[in-house]
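Q: Sequence:
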Amino acid sequence: MRLSVFYAGLILMSGILMVPVSSDLTARFLDVGEGNAVLLQSENKTMLIDCGTEEYGNLTRVYLKSLGIEFLDIVMITSPAQGNTGGLMNIMNSTPVGCYYHGGWDSTDPAYRDLLARLHEN
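Start counting the sequence shown at 8; every next residue gets the next number (our numbering).
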């Protein structure tokens, strides 16, 4: 069931970012410590997939600001691990998030629980 919710979110997100289909899609891949983050931009919509570790959150925030991004329409996390979510708290200090998608994990990690609580507040 959780996996189907995750895939339904992916389908919904692609509709938000890709309709109408245009050649104005930009994809940027960022080294964020324990993997990569992906920043997708289409027309005036932005989507960030994963955020990296806490240490890289500030660098990602500065990079978004350098691109003139003041709002993230969508943030998607592919795992509750710190390597994917750790930087998001820092990013959200200056860049509001419209929608947040995740796989419905039942993680007991306190940092992940704090992140979910902060996202629900927004």
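Source of the hints: derived by calculation from the structure; they are not laboratory data. Everything numeric in this text was worked out from a predicted model, so none of it was measured. Be careful, since some hints might not be right.
Said to hold, decoys possible - If you anchor each label on the Cβ, the simulated ranges turn out as follows:
1) Ala-118 x Ile-76: 23 to 31 angstroms
2) Thr-85 x His-127: 28 to 36 angstroms
3) Val-45 x Asp-121: 19 to 27 angstroms
4) Leu-74 x Thr-115: 31 to 39 angstroms
5) Val-45 x Glu-77: 25 to 33 angstroms
6) Pro-117 x Asp-31: 23 to 31 angstroms
7) Arg-35 x Thr-115: 27 to 35 angstroms
8) Ser-114 x Leu-74: 13 to 21 angstroms
9) Gly-105 x Glu-62: 24 to 32 angstroms
10) Ser-73 x Asp-113: 21 to 29 angstroms
Here a beta-carbon is modelled for each residue, glycine too, at the ideal position from N, C-alpha and C.
Q: If a hint holds in the structure, say so; if it does not, say that too.
A: So, going through the hints one by one against the coordinates:
1. Ala-118 x Ile-76: 23 to 31 angstroms: holds, 24 angstroms
2. Thr-85 x His-127: 28 to 36 angstroms: violated, 20 angstroms
3. Val-45 x Asp-121: 19 to 27 angstroms: Since the Cβ atoms of Val-45 and Asp-121 sit about 24 angstroms apart, the hinted range of 19 to 27 angstroms holds.
4. Leu-74 x Thr-115: 31 to 39 angstroms: holds, 35 angstroms
5. Val-45 x Glu-77: 25 to 33 angstroms: violated, 19 angstroms
6. Pro-117 x Asp-31: 23 to 31 angstroms: violated, 40 angstroms
7. Arg-35 x Thr-115: 27 to 35 angstroms: holds, 33 angstroms
8. Ser-114 x Leu-74: 13 to 21 angstroms: violated, 30 angstroms
9. Gly-105 x Glu-62: 24 to 32 angstroms: holds, 25 angstroms
10. Ser-73 x Asp-113: 21 to 29 angstroms: Since Ser-73 and Asp-113 have Cβ atoms about 37 angstroms apart, the given range 21 to 29 angstroms is violated.
Violation of the numbered hints given earlier is confined to hints 2, 5, 6, 8, 10; the remaining hints are satisfied by the structure.
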